[in-house]
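2 protein chains.
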Amino acid sequence: MLKMDEIQKRLLLEVADLHDVPMGAYNLRANGKSVGRGSSANIEITSKEDGSGIDIRIKPGTKNESVHIPVVMSESGMKETVYNDFYIGEGADVVIVAGCGIDNCGTQDSEHDGVHRFFVGENAKVKYVEKHYGSGDGKGQRILNPVTEVTMEAGSSMEMEMVQIKGVDSTSRTTKANLKADASLIVRERLMTHGTQYAYSEYEVTLDGENASADVVSRGVAKDKSYQKLDLRIVGNAACHGHTECDSIIMDEGRILAVPSLEANNVDAMLVHEAAIGKIAGDQLIKLMTLGLTEKEAEEQIVNGFLK
Amino acid sequence: MLKMDEIQKRLLLEVADLHDVPMGAYNLRANGKSVGRGSSANIEITSKEDGSGIDIRIKPGTKNESVHIPVVMSESGMKETVYNDFYIGEGADVVIVAGCGIDNCGTQDSEHDGVHRFFVGENAKVKYVEKHYGSGDGKGQRILNPVTEVTMEAGSSMEMEMVQIKGVDSTSRTTKANLKADASLIVRERLMTHGTQYAYSEYEVTLDGENASADVVSRGVAKDKSYQKLDLRIVGNAACHGHTECDSIIMDEGRILAVPSLEANNVDAMLVHEAAIGKIAGDQLIKLMTLGLTEKEAEEQIVNGFLK
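Chains A and B, in that order, are what the protein sequence lines are. For the first sequence, my numbering assigns the number 10 to the initial residue and increments by one for each residue that follows. For the second sequence, my numbering assigns the number 10 to the initial residue and increments by one for each residue that follows.
Quick caveat, the hints were computed from the structure, so don't treat them as lab data. There could be a bad hint or two in this list.
Same chains, same names: a pair is fine if it fits in one copy or spans any two.
In silico DSSO-like cross-links for lysine-lysine, where the CA-CA straight-line distance does not exceed 27 angstroms [said to hold, decoys possible]:
hint	residue 1	residue 2
1	K189	K317
2	K185	K18
3	K72	K175
4	K134	K232
5	K68	K148
6	K175	K68
7	K232	K136
8	K140	K232
9	K148	K185
10	K238	K185
11	K72	K42
12	K189	K288
13	K317	K238
14	K296	K148
15	K42	K317
Model, not experiment: these values are computed from the prediction.
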């Protein structure tokens with residue numbers, strides 16, 4: 010059993026779907042300290058010598074294993090930057106679950122900045138899930154500034170699920186990826202902001218290798234007076250395929266700025282972008298309301314479906 | 010008959026489809042001087058007092074009249090900035106044809122920067138055509154940096170056809186529009202670059218009034234080693250509709266950077282964007298080649314169709 014209080018356990022459930030110690034390799038960080046760690050025969054987790062974070066080394070050919078490295082913070086006024094590096098061996102096929110939950114009932118800001126670097130070996134396959142969540146009724150802000158840097162060797166593939174569930178007051182999210190030949194990246198981002206929250210999310214995906222491909226889809230809902238800014242950039246330097254899509258719902262006095270960009274530097278680069286910002290269509294609301302839902306319930310249903 | 014040489018007449022034909030003095034109001038500028046001007050009962054063209062350009066005043070209710078203000082330059086080494094203001098009266102319905110052709114056979118750069126401001130009155134309707142063209146085998150560059158600023162009163166509408174035919178070595182195009190209630194703007198831009206040409210085109214359309222709408226479509230073809238950068242920005246500050254689309258073909262070593270942006274500051278703003286960059290599809294070429302065209306001819310057909 011883990012030594013965690015009820016708040017920490019609730020955060021863990023939100024960000025990593027975990028009730029207790031997960032199967033496979035894991036590192037649980039709570040209030041700035043590791044409170045549990047486990048390696049497996051194929052996955053080794055070690056602290057960096059300077060104490061700035063951890064290294065996760067996954068042996069070549071490792072199949073159907075998972076790594077969980079969730080972070081929970083329940084003290085007000087904490088601020089930390091953690092550097093975690095993932096070395097995924099050739100031909101491995103793994104699931105990596107990160108995520109951070111902050112509960113802040115105090116008056117000081119709490120901030121966790123995770124810098125994750127992924128070195129994905131040839132023909133390796135990674136599914137990466139990162140969930141962010143904030144709770145607590147304190148005036149102190151819940152701040153999360155994740156940086157994700159991905160280097161993908163030939164033939165590798167990665168699927169990223171990047172989710173900000175709710176309760177995060179301020180976030181600046183930076184994701185960079187560099188793809189070699191035949192590598193493929195799929196990103197599904199979901200951002201929900203409410204109150205006076207601010208979210209900035211920036212992607213820069215560079216397709217350097219022949220036949221590399223990227224599909225980056227970001228969906229956002231800005232409620233109340235919240236603000237979102239989205240920068241999705243794809244650069245094609247070879248014969249490659251890139252697609253980005255940015256779909257946003259605004260509600261109340263929410264505001265969204267979407268600035269996608271496509272850069273084709275090679276005649277065989279095929280790049281496509283779509284973006285749409287609007288409110289929930291009136292006829293969708295009416296349909297659900299005729300089924301007996303209130304307007305508020307109908308809105309909630311639609312938003313949940315959109316962000317799923 | 011106009012006092013123009015053969016080169017100037019050829020340029021005039023390219024940029025304004027004119028063989029001679031047009032019907033209606035006109036101002037023809039050649040090598041920095043007005044070489045012909047005509048006003049009509051409803052459209053008055055006058056020089057600005059400081060000599061920096063002309064004012065075009067169109068009476069309210071003027072229907073089915075046109076204004077031509079083409080510019081031709083055939084001297085190497087000329088550089089001019091001209092300020093032209095258009096005042097379009099309430100309920101008028103007019104066609105305005107601008108455009109600039111530069112023939113440069115010399116070693117010095119030739120540059121024309123036209124700053125056009127449009128004040129479109131309530132319920133007025135404007136069709137605006139602007140064509141840019143360069144020719145001549147001199148080493149001096151043909152440079153065109155147009156600035157277009159549009160203020161649209163309630164219920165007015167404007168359709169802009171902005172075309173860079175060919176031969177323009179360097180261009181920086183800025184178009185800004187501000188729309189009040191029920192105003193509608195349609196933009197069709199066509200940009201062709203070749204050789205080592207550089208084209209930068211920036212649109213900023215602000216929808217301030219209820220039910221304002223904008224539809225901005227830019228099509229570009231970058232051949233040889235040319236480079237295009239496209240910034241299309243729509244800002245929605247009211248219940249409004251905005252659509253931008255950016256379709257580009259790259260050929261040879263051409264490069265294109267598309268940076269559209271959507272900014273929704275009102276819950277009833279509906280904004281949509283699409284962009285695609287790619288080369289001509291192989292099967293399109295093959296289809297035309299089976300009809301007897303060479304690859305070069307097939308490419309030309311497709312590009313011409315795309316830019317029409």
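query: From the Cα coordinates, with 27 angstroms as the cut-off, is the pair K140 and K232 best called within, between, both, or neither?
result: within (19 angstroms within a copy, 44 angstroms between copies)
message: For K175 and K68, with the copy left unspecified, which applies at a CA distance of at most 27 angstroms: within, between, both, or neither?
response: neither (35 angstroms within a copy, 57 angstroms between copies)
- request: Measure nothing new, just compare the shortest in-copy and cross-copy C-alpha distances for K134 and K232 to 27 angstroms and report within, between, both or neither.
  value: neither (36 angstroms within a copy, 38 angstroms between copies)
query: From the Cα coordinates, with 27 angstroms as the cut-off, is the pair K72 and K175 best called within, between, both, or neither?
result: Neither way: K72 and K175 sit 33 angstroms apart in one copy and 57 angstroms across, limit 27 angstroms.
- prompt: Quick one: K232 to K136, C-alpha cut-off 27 angstroms, is that within a copy, between copies, both, or neither?
  reply: Classified as neither: same-chain Cα gap 30 angstroms, cross-chain 40 angstroms, threshold 27 angstroms.
message: Treating 27 angstroms as the Cα threshold, decide for K189 and K288: within, between, both or neither.
response: Between copies, since 21 angstroms is at most 27 angstroms while 39 angstroms is not.
- request: First find the shortest C-alpha distance between K72 and K42 inside one copy, then the shortest across copies, and answer within, between, both or neither for a cut-off of 27 angstroms.
  value: Classified as neither: same-chain Cα gap 29 angstroms, cross-chain 77 angstroms, threshold 27 angstroms.
message: One pair to classify: K189 and K317, alpha carbons no more than 27 angstroms apart. Within, between, both, or neither?
response: neither (30 angstroms within a copy, 38 angstroms between copies)
task: Can you give me the call for K185 and K18, within, between, both or neither, at a CA distance of at most 27 angstroms?
output: neither (31 angstroms within a copy, 54 angstroms between copies)
field: K68 and K148: within-copy, between-copy, both or neither at 27 angstroms Cα
entry: Neither, since 45 angstroms and 60 angstroms both go past 27 angstroms.
message: Reference check for the pair K317 and K238, CA-CA at most 27 angstroms: within, between, both, or neither?
response: within (20 angstroms within a copy, 35 angstroms between copies)
task: If the cutoff is 27 angstroms on CA atoms, where do K238 and K185 land: within, between, both or neither? Let me know, please.
output: both (17 angstroms within a copy, 22 angstroms between copies)
The earlier numbered hints that this structure contradicts are 1, 2, 3, 4, 5, 6, 7, 9, 11, 14, 15.
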